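Student: Listed here are the chains, written in short residue letters.
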Amino acid sequence: MQLDDLYRRVIMDHYKNPRNRGTLSEEAVTVNLNNPTCGDRIQLQLELEEGIVKQARFTGEGCSISLSSASMMTDAVRGKTYDQAIEMAEKFSSLMKGEPVEFEEYEDLEALSGVNKFPARIKCATLAWNALRKGIDSKS
Amino acid sequence: MNARELREQFPILHQDINGHPLVYLDSAATSQKPRQVIEAITRYYEQDNSNVHRGVHTLGSRATDAYEGAREKVARFLNASSTKEIIFTRGTTTALNLVASSYARAVCEEGDEIVITPMEHHSNLIPWQQVAKATGAVLKYIPLQPDGTIRLEDVEQTITPRTKVVSVVYASNVLGVINPVKEIAAIAHRHGAVMVVDGAQSTPHMKVDVQALDCDFYALSGHKMCAPTGIGALYGKQSLLEQMEPIEFGGEMIDFVDWQDSTWKELPWKFEGGTPIIAGAVGLGAAIDFLEEIGLDAIHHHEEQLAAYAYDRLSEIDGVTIYGPREGRVGLVTFNLGDIHPHDVATVLDTHGIAVRAGHHCCQPLMRWLEVSSTARASFYLYNTEDDVERLVSSLLQTKEFFGHAIG
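Chains as they are written, first to last, in the numbering used here: chain A, 1 to 140; chain B, 141 to 548.
Keep in mind the hints are simulated off the structure, nothing from the lab. Computed from a prediction, not measured in an experiment: that's the story for all the values here. Check before you lean on any hint, since a few could be wrong.
Quick list of simulated restraints, FRET-style, between CB atoms [as the list claims (entries may be wrong)]: (1) A/S93 x B/T198: 50 to 60 Å; (2) A/Q84 x B/E148: 50 to 60 Å; (3) A/S138 x B/Q445: 48 to 58 Å; (4) B/E212 x A/P119: 36 to 46 Å; (5) B/R330 x A/K16: 50 to 60 Å; (6) B/G468 x A/D75: 43 to 53 Å; (7) B/I457 x A/P119: 40 to 50 Å; (8) B/L279 x A/S138: 32 to 42 Å; (9) B/T170 x A/E107: 39 to 49 Å; (10) B/N158 x A/E107: 48 to 58 Å.
Here a beta-carbon is modelled for each residue, glycine too, at the ideal position from N, C-alpha and C.
Take these sequences, add in the hints, and give me the full structure.
Tutor: Okay, here's the thing in structure tokens:
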């Protein structure tokens with residue numbers, strides 16, 4: 001088990017310089033999720049209009065894996081239709097199961113493939129994606 | 141005592157994890173089991189297994205003797221005055237829930253008070269929240285000093301004649317602090333309240349005498365003291381247990397069952413509905429034998445020294461914050477390493493074969509009090525040595541370097 005498999009440069013970059021960290025207007029769909037086993041928490045806000053994820057922003061506390069995953073997710077789903085975003089979430093789940101998955105449009109996500117070798121950390125990586133699913137479900 | 145020799149008796153400790161010899165620093169979550177405990181359980185299943193309190197046959201008698209023999213060991217271990225005062229439970233959580241659901245719900249009325257502290261584990265907090273919600277009682281907290289200790293003046297201030305129950309952890313699973321439960325019990329009694337002690341983290345590590353503490357209830361978990369999971373005990377003063385109603389009903393706990401009404405067995409069996417955790421009790425008895433052979437005072441002394449050593453060595457690392465006082469603690473050190481998230485710290489340590497806990501340690505209110513979202517914790521037991529602390533320190537330095545490069 002190599003640490004570099006988990007903590008890739010691109011992950012550390014998202015951790016250090018999170019994209020889309022912050023809040024949206026009150027009209028945005030807001031999802032609060034936490035990971036009860038460790039205390040990590042995320043507030044995800046989604047601007048959902050006409051079947052499109054226009055904007056996604058997040059705040060919260062967490063480890064490098066959960067925060068970098070939130071950073072990537074909010075970037076990756078911007079401009080996607082609900083179906084495309086959910087499909088991406090499905091692909092991300094496959095990635096966490098160790099299946100070979102490619103994210104042509106947002107390759108950074110592939111850096112999280114190493115999490116699969118650290119089973120205790122999978123929940124960290126999927127927290128933001130679960131929030132996304134919940135947000136879109138509430139709208140559709 | 142010689143920790144190096146004792147290690148030999150714990151088969152699990154002799155393995156490599158991720159290419160490094162295992163350093164197990166998570167005994168506050170659950171301790172490892174010595175060979176003699178594992179063998180006692182195996183022997184029970186291979187030679188004596190049967191149901192208890194009902195078989196006319198030989199195995200039934202052997203199983204009953206083994207189960208009740210374990211109860212005698214627990215009673216002697218805690219210095220209870222009778223085996224009637226020892227109820228076997230699943231662990232501390234079940235024991236505390238039994239006191240809350242049976243005793244507290246019956247005695248608390250609207251406006252009465254239940255007093256606890258901010259350092260309680262969820263298992264000594266939520267049961268009382270539930271009692272308060274159901275009865276209209278008020279849940280009050282004894283304030284903590286900045287170092288996490290309790291002042292008796294604050295106990296005096298918090299407990300009033302309306303207080304019905306005071307429940308305090310003997311040794312904190314986060315701060316490591318040992319609380320003055322004997323003195324708190326005296327104050328509680330002066331106001332007519334009962335004193336409940338959460339002994340999950342104290343019982344494995346120090347001599348406990350429930351009569352000297354003069355507590356009314358004392359809860360413990362076997363799995364933190366070399367016994368298997370799934371077995372624990374509640375000590376309760378006989379006079380209180382006599383007046384309490386069972387909360388689980390069924391086989392084993394009844395005396396006479398009629399169409400519309402039933403009566404209960406005498407203590408302690410009226411609280412032990414269903415087939416009990418017989419092999420677990422046998423394992424707990426074997427664990428008590430093991431701990432008593434070493435001596436609880438010797439174990440406490442060893443861990444005190446190890447905790448002080450770890451406290452000092454970790455303090456030397458730039459950026460480390462340690463929670464709780466240096467003195468008067470059990471063998472655990474809870475800390476954070478700069479702004480590196482404890483999950484990340486624990487993952488790096490794991491790749492070096494070192495097992496620590498990261499998270500809120502089932503103490504979310506205490507995390508808020510400490511103003512952190514989570515922490516890392518290294519906890520020691522009789523099989524840990526200063527070498528383990530050195531491995532931890534060296535791995536933490538590497539963690540810092542790794543994240544320093546990666547982040548900074």
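Student: Taking the hints in turn, state whether each one holds.
Tutor: Hints, one by one, checked against the model:
1. A/S93 x B/T198: 50 to 60 Å: 55 Å, holds
2. A/Q84 x B/E148: 50 to 60 Å: 59 Å, holds
3. A/S138 x B/Q445: 48 to 58 Å: 55 Å, holds
4. B/E212 x A/P119: 36 to 46 Å: Because 42 Å falls inside the window, the suggested range holds.
5. B/R330 x A/K16: 50 to 60 Å: Check passed, 56 Å falls within 50 to 60 Å.
6. B/G468 x A/D75: 43 to 53 Å: 50 Å, holds
7. B/I457 x A/P119: 40 to 50 Å: At 29 Å between Cβs, range violated.
8. B/L279 x A/S138: 32 to 42 Å: 34 Å, holds
9. B/T170 x A/E107: 39 to 49 Å: Given range 39 to 49 Å: holds, Cβ gap about 41 Å.
10. B/N158 x A/E107: 48 to 58 Å: 29 Å, violated
Checked against the numbered hints given earlier, this structure breaks hints 7 and 10; the rest are met.
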